[in-house]
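Colleague: Those protein sequences? They're chains A and B, same order as listed.
Count the first sequence with this note's numbering and you get residues 101 to 441, in order.
Count the second sequence with this note's numbering and you get residues 101 to 441, in order.
Any given hint could turn out to be false.
Each pair may be met inside one copy or between any two copies, as identical chains are not told apart.
What the hints assert, rightly or not - Pairs of lysine-lysine, DSS-like flavour, derived with a Cα cap of 30 Å:
| # | residue 1 | residue 2 |
| --- | --- | --- |
| 1 | K240 | K394 |
| 2 | K380 | K153 |
| 3 | K283 | K161 |
| 4 | K279 | K256 |
| 5 | K240 | K279 |
Because the hints were derived from the structure by calculation, they are not lab data.
Number of protein chains: 2
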Amino acid sequence: MKNAVCLLVIIFVFVQCKSVKAPAGENFAIVIHGGAGTILKKNMSPELEAQYKSKLEEAVKMGYAILKNGGSSLDAVEKTINVLEDSPLFNAGKGAVFTNQGKNELDASIMDGKTLNAGAVAGVTTVKNPISLARAVMEKSEHVLLAREGAEFFAKENGIEIVNPSYFYTENRYESLLKAQEKEKNELNSGSTSFYDPFIKDNKFGTVGCVALDKNGNLAAGTSTGGMTNKKWGRIGDTPIIGAGTYANNNTCGVSSTGWGEYFIRNVVAYDISALMEYKGLSLENAAKEVIQKKLSKLGGDGGIVAMDKEGNITMEFNTAGMYRASINTKGELTIGIYEK
Amino acid sequence: MKNAVCLLVIIFVFVQCKSVKAPAGENFAIVIHGGAGTILKKNMSPELEAQYKSKLEEAVKMGYAILKNGGSSLDAVEKTINVLEDSPLFNAGKGAVFTNQGKNELDASIMDGKTLNAGAVAGVTTVKNPISLARAVMEKSEHVLLAREGAEFFAKENGIEIVNPSYFYTENRYESLLKAQEKEKNELNSGSTSFYDPFIKDNKFGTVGCVALDKNGNLAAGTSTGGMTNKKWGRIGDTPIIGAGTYANNNTCGVSSTGWGEYFIRNVVAYDISALMEYKGLSLENAAKEVIQKKLSKLGGDGGIVAMDKEGNITMEFNTAGMYRASINTKGELTIGIYEK
Chain A
101 MKNAVCLLVI IFVFVQCKSV KAPAGENFAI VIHGGAGTIL KKNMSPELEA
151 QYKSKLEEAV KMGYAILKNG GSSLDAVEKT INVLEDSPLF NAGKGAVFTN
201 QGKNELDASI MDGKTLNAGA VAGVTTVKNP ISLARAVMEK SEHVLLAREG
251 AEFFAKENGI EIVNPSYFYT ENRYESLLKA QEKEKNELNS GSTSFYDPFI
301 KDNKFGTVGC VALDKNGNLA AGTSTGGMTN KKWGRIGDTP IIGAGTYANN
351 NTCGVSSTGW GEYFIRNVVA YDISALMEYK GLSLENAAKE VIQKKLSKLG
401 GDGGIVAMDK EGNITMEFNT AGMYRASINT KGELTIGIYE K
Chain B
101 MKNAVCLLVI IFVFVQCKSV KAPAGENFAI VIHGGAGTIL KKNMSPELEA
151 QYKSKLEEAV KMGYAILKNG GSSLDAVEKT INVLEDSPLF NAGKGAVFTN
201 QGKNELDASI MDGKTLNAGA VAGVTTVKNP ISLARAVMEK SEHVLLAREG
251 AEFFAKENGI EIVNPSYFYT ENRYESLLKA QEKEKNELNS GSTSFYDPFI
301 KDNKFGTVGC VALDKNGNLA AGTSTGGMTN KKWGRIGDTP IIGAGTYANN
351 NTCGVSSTGW GEYFIRNVVA YDISALMEYK GLSLENAAKE VIQKKLSKLG
401 GDGGIVAMDK EGNITMEFNT AGMYRASINT KGELTIGIYE K
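Work out the full structure: start from the sequences and follow the hints.
Modeller: Take a look at the structure:
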C-alpha cells in the first residue's frame with residue numbers, strides 16, 4: 101500500500117513537471133538587418149561578402165549573448181546596433197553616407213514593446229552611436245523625437261559619446277557622393293532630371309536594425325541610418341519615425357525597416373504589420389508579406405523589414421534583390437543571408 | 101394604345117431617374133480643429149469665445165466654399181488651415197508658441213487620400229504658412245519630410261512666402277514662455293522637477309487641422325502647429341509625422357490630431373483609426389472612440405482628433421475638457437464647438 105502511494109505520488113509529480121509550460125525564458129531570440137537594395141552576387145567580391153557576413157555574425161551574436169545572460173531586449177538591440185554603427189560597411193554611424201552638402205546626418209529610433217515608450221533622433225552630425233542617443237531620449241526626456249543641434253545638446257547633457265564630424269568620413273561614401281552629384285549635374289545639363297530617379301534607389305540603402313525578445317517576454321526594436329547619399333533640404337526618412345521605421349509592442353511584434361524611406365512613411369510600414377496581426381489575426385509572416393510584397397510594392401516602394409513576434413518567430417521580408425540579414429532563433433540556430441531567399 | 105406606351109415610357113424614365121445613385125458630388129464635407137486641452141468656460145471671456153467661434157466659422161466656410169465650387173480636398177485643407185495659421189488665436193503660423201530659446205519653430209503635414217502621397221516640414225522659423233510648404237514638399241520633391249534650414253531653403257526655391265521670424269512674435273505667447281521658464285526655474289530650485297509635469301499639458305495645445313472630402317470622393321487631411329511652449333532640444337511632436345498627426349486614405353478616412361504629441365506618436369493615432377476601420381470593420385466613430393478614449397487614455401495621453409470617412413461622416417473625438425472645432429457636413433449643416441460635448 102505504502103509503495104502504491106509512493107508510486108502515485110511519483111507519477112503525480114512527474115505529470116505535473118511535464119505539464120509545466122516552458123518558461124518565457126526559453127523564447128529569447130534576435131534578428132538584424134544591414135540594409136536592403138540591389139545587392140547582387142555578381143557585383144560582390146568574395147572578400148567583401150566575407151566581411152559583411154563576419155560583421156553580421158559578430159553583431160547578432162553580441163545581442164544573443166546579452167539575451168542569454170538575462171539582459172533586456174533593449175540592451176540587446178542597442179548594443180547590437182552599436183556593432184553595426186561602428187563598422188564602415190553599413191550606412192549608419194561610422195559608415196554613414198554624405199548629404200548634398202558633404203555632411204553626415206544620422207537618424208535613429210528605438211521602441212520598448214513593454215511600455216510602448218520610444219525615442220528617436222534626426223539629423224545629428226557629432227553623435228558616434230545615434231541608437232544610444234535615441235535610447236537616452238526615450239529614457240531621460242519626456243520627448244520621443246529630437247532633431248539636429250538640439251538633439252546634440254541633449255546628447256552632451258546626457259553623457260552620450262560625441263565625435264568630431266570627420267569621424268564619419270570614409271572614402272567609399274565620399275566617392276558615392278561625388279558620383280551622385282556628377283550624375284545630377286549631367287542630368288541638369290541634359291534636362292532629363294527626374295524626381296523618381298532610379299539612381300536614388302541605390303543610394304538610400306544600408307540602414308541597420310535589430311529586433312529582440314528577451315527572457316522576460318519583452319520585445320524591442322531599433323533602427324539606425326545615415327540616410328540617403330546626396331540628400332538635400334534636411335530630408336528625414338523613415339528611420340526616426342515610430343510606426344514607419346521602428347515599432348515594438350509585446351502584444352504583437354517588433355519591426356525594423358530598411359528601404360526607400362518615403363514609401364515606408366506613407367505606408368506606416370512597421371506599425372501596419374502590428375495592426376494586421378492585432379486587428380486581422382494574421383501571423384507575423386503573413387502580415388509582413390502583405391505589407392512588403394503587396395501594399396509597399398503596389399505604391400512602388402523598395403525595401404524590407406526584419407520582425408519578430410512575441411513567441412520569438414522571426415520574419416525577414418524584402419522586395420529587393422537582397423538584404424543583409426542575420427538571426428538566432430529560439431532554438432539557438434544562426435542564419436546569415438545577403439541575397440534573395 | 102399610343103397613350104399607354106407613352107405612359108409606360110414616362111414611368112420607366114421616372115423610375116430610372118429615381119434609381120440613379122446620388123453622385124459622389126453630393127458628399128462633400130469639411131471638419132476642422134484649433135487644438136484640444138484644458139479649455140474651460142469659466143476661464144473664457146465672452147469676447148474671446150466669440151473671437152474663436154468667428155474664426156473657426158470663417159475657416160470652415162472658406163474650405164466649404166472651395167469644395168462646393170468643385171475644388172479639391174487638398175485645396176480646401178490647405179486654404180482652410182491658412183486662415184487658422186494667419187490668426188494669432190491658434191498655436192500655428194502667426195500664433196505659434198515660443199521655444200526655450202525664444203524662437204518660433206513650426207511643423208506641418210498634409211496627406212492626399214487618393215494617392216497616399218504626403219508632405220511634411222519640421223522646425224521652420226521663416227515660413228508664414230507651413231501647411232503650404234508641406235504641400236509643396238509633397239508635390240514638388242521626392243521626399244515626405246524636410247526639416248529646419250533645409251526645408252526653408254526648399255521653401256525659397258519653390259516660391260513659398262517667407263517672413264522675418266519677428267512676424268511670429270505675439271505678446272501672449274511670449275508671456276507664456278516667460279511663465280513656463282519662471283515655473284521651471286522655481287522647480288529646479290526646489291528640486292521638484294518632473295519630466296511629466298502637468299504644466300506641460302497646458303502648454304502644448306492649440307495645433308490646427310482640417311479634413312475634407314471633395315466632389316470627386318477624394319479625402320485629404322492636414323495639420324499645422326507651433327509645437328510646445330518652452331520646448332527644447334529641437335523636439336518634434338506628432339504634427340509632421342504621417343500616421344501620428346495626419347493620415348488620409350480614400351479607402352477609409354482622413355484624420356488630423358491635436359494633443360500631447362509624444363503619446364500620439366507612440367500610439368500611431370491617425371493611422372490606427374484607419375487600420376481599425378480597414379482591418380476590423382469598425383465605423384469611423386467607433387474607431388476614433390477606441391483610439392482616443394481607450395488606447396490613448398490608457399497610456400496617459402491627452403488630446404483629440406477630427407476625422408471623416410469616405411462617405412463624409414464626421415467625428416470629433418477628444419479626452420480633454422475641450423477642443424476648438426467646427427464642421428459643415430454633407431447636408432451643409434454648420435456646427436461649432438469649444439467645450440465638452
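Colleague: Look at each hint and say if it fits the structure.
Modeller: Do the hints match the structure? See the list:
{"no.": "1", "hint": "K240 <-> K394", "result": "between (39 Å within a copy, 26 Å between copies)"}
{"no.": "2", "hint": "K380 <-> K153", "result": "neither (36 Å within a copy, 41 Å between copies)"}
{"no.": "3", "hint": "K283 <-> K161", "result": "neither (40 Å within a copy, 48 Å between copies)"}
{"no.": "4", "hint": "K279 <-> K256", "result": "between (35 Å within a copy, 27 Å between copies)"}
{"no.": "5", "hint": "K240 <-> K279", "result": "between (41 Å within a copy, 24 Å between copies)"}
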